[in-house]
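J.: As a plain string of letters, each chain reads:
Protein chains: 2
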Amino acid sequence: MKIGIVGGTGDIGEGMALRLSPIFDVIVGSRDTDKAEATCKLGIETLKTRGKACSLKGVSNQEAIDAADIVVLAIPFKHLAGTLDGLHGFEDKIVISPVNPMEKRDHFVFVPPQEGSAALMIKRILPPSARICSAFNTIAANKWKALDEELLYSVPVCGDDDGAKQEVMGIVNRISRLQAFDAGPLAVSSMVEALTPLLLNIARYNKIRDVGIQFR
Amino acid sequence: MKIGIVGGTGDIGEGMALRLSPIFDVIVGSRDTDKAEATCKLGIETLKTRGKACSLKGVSNQEAIDAADIVVLAIPFKHLAGTLDGLHGFEDKIVISPVNPMEKRDHFVFVPPQEGSAALMIKRILPPSARICSAFNTIAANKWKALDEELLYSVPVCGDDDGAKQEVMGIVNRISRLQAFDAGPLAVSSMVEALTPLLLNIARYNKIRDVGIQFR
Chain S
1 MKIGIVGGTG DIGEGMALRL SPIFDVIVGS RDTDKAEATC KLGIETLKTR GKACSLKGVS
61 NQEAIDAADI VVLAIPFKHL AGTLDGLHGF EDKIVISPVN PMEKRDHFVF VPPQEGSAAL
121 MIKRILPPSA RICSAFNTIA ANKWKALDEE LLYSVPVCGD DDGAKQEVMG IVNRISRLQA
181 FDAGPLAVSS MVEALTPLLL NIARYNKIRD VGIQFR
Chain H
1 MKIGIVGGTG DIGEGMALRL SPIFDVIVGS RDTDKAEATC KLGIETLKTR GKACSLKGVS
61 NQEAIDAADI VVLAIPFKHL AGTLDGLHGF EDKIVISPVN PMEKRDHFVF VPPQEGSAAL
121 MIKRILPPSA RICSAFNTIA ANKWKALDEE LLYSVPVCGD DDGAKQEVMG IVNRISRLQA
181 FDAGPLAVSS MVEALTPLLL NIARYNKIRD VGIQFR
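In order, the protein sequences belong to chains S and H.
Position one of the first sequence corresponds to residue 1 (the working numbering), numbered consecutively onward.
Position one of the second sequence corresponds to residue 1 (the working numbering), numbered consecutively onward.
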């Protein structure tokens, strides 16, 4: 299975590539192809020192979409619409949104677009045949990158296409000790995306780092 | 410390009274004083069979407020404004809101009032000296009542009055194995209240019961 990461050289994307590439074929996309190649070279070395083979290749964002079966949009919310505007080829692909629309004011605030969530905005922008799911919203970049730590977290997955959602949940469940939970239709993504600013507030006000969640 | 539970004969309130009354003086309020008395009589017997002494007394909602240092508003959101309308005496008291404004449609939906959250609505309605915190939002009624089970959950606590928030966190941490987390100012309560419909969706779509959360 080929997973393309749009924004794969960003904080989240880079960590996801490290965790995913020993399991899946990962294509890291970036606005800057040189940066994507450098990130992948470094990633391959990092994994090699841990005795892990991987499949990791750096290309442009568009090439990552074209080559992939499943596309992860690892883009900060503020760049989301602009980035999608310059890309195409999402027809019939599974598209995963880990995007959280939020701002840091006095505290972290959930600031959804008028569609209600980033995932619903993506649904409006992309062609109707794109199979959009939200997932991985609450996993911190530092945790993706901390390869010596297991990811002992729950991952709510939302989507209107049941087949796509099952496939995404299968991917989640193969990564470290993540456990996927079906959170319902894509409309529920607003509640999932609101979790991340809450976790950032919990981290801040309790002086702990990189807080995640488990359902139990 | 005297804790008054407004709506103490409802699903959540009854369970809270059972968990709190072996530790604190609990005054159960209800629109129907006879019902409050009956609930307390049953609660005392239930706890007695478990060898637990308790302090539990059934009165009217107004008497519960008047007698308490800390008031818990264990009221469904749809009855919140109407119930508060007929009550007074909240001045200078700590008021805890476990209220979640939500509706069951195709799935569970977070439907906040125009203030942004139930806790912020309570703040608008009550006198300015009331020290409002949100807490206990995500603990299911069944779990409150399941006295043979430990409550192994995290409890985010929001509030603008730091002293009140610390006091509420201290109460949380004395109940079973609940762990309080400072979630920041009362404005963060919108993100906390949105968690409960998310958890109900998780429960529904994964066919599990009474899902709670742990931060980690």
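Careful: at least some of the hints might be erroneous.
Distance condition first, Cα-Cα at most 20 angstroms in a straight line; then the derived SDA-like pairs of lysine to any residue [to be verified]: (1) H:Lys145 with S:Lys143; (2) S:Lys143 with H:Lys104; (3) H:Lys78 with H:Gly116; (4) S:Lys207 with H:Gly116; (5) H:Lys207 with S:Phe215; (6) S:Lys143 with H:Arg216; (7) H:Lys104 with S:Lys207; (8) S:Lys143 with H:Gln214.
Derived from the structure by calculation, the hints contain no laboratory data.
J.: Next, verify each hint and record whether it holds.
T.: Here is how each hint holds up against the structure:
Between Lys145 of chain H and Lys143 of chain S, the direct Cα distance comes to roughly 36 angstroms. Violation of the 20 angstroms bound is thereby established for this hinted pair. Taking the CA atoms of Lys143 of chain S and Lys104 of chain H, the gap is near 34 angstroms; set against the 20 angstroms cutoff, the hint is violated. With a CA separation close to 15 angstroms, the supplied pair Lys78 of chain H and Gly116 of chain H stays within the 20 angstroms bound. With a CA separation close to 26 angstroms, the supplied pair Lys207 of chain S and Gly116 of chain H exceeds the 20 angstroms bound.
For the given pair, Lys207 of chain H sits about 13 angstroms from Phe215 of chain S by alpha-carbon distance, which is consistent with the 20 angstroms threshold. Between Lys143 of chain S and Arg216 of chain H, the direct Cα distance comes to roughly 12 angstroms. Compliance with the 20 angstroms bound is thereby established for this hinted pair. As the CA atoms of Lys104 of chain H and Lys207 of chain S are separated by approximately 36 angstroms, the hinted pair breaks the 20 angstroms bound. With a C-alpha separation of about 17 angstroms, the suggested pairing of Lys143 of chain S with Gln214 of chain H holds against the 20 angstroms cut-off.
Hints 1, 2, 4, 7 from the list above are not met by this structure, while the remaining hints are.
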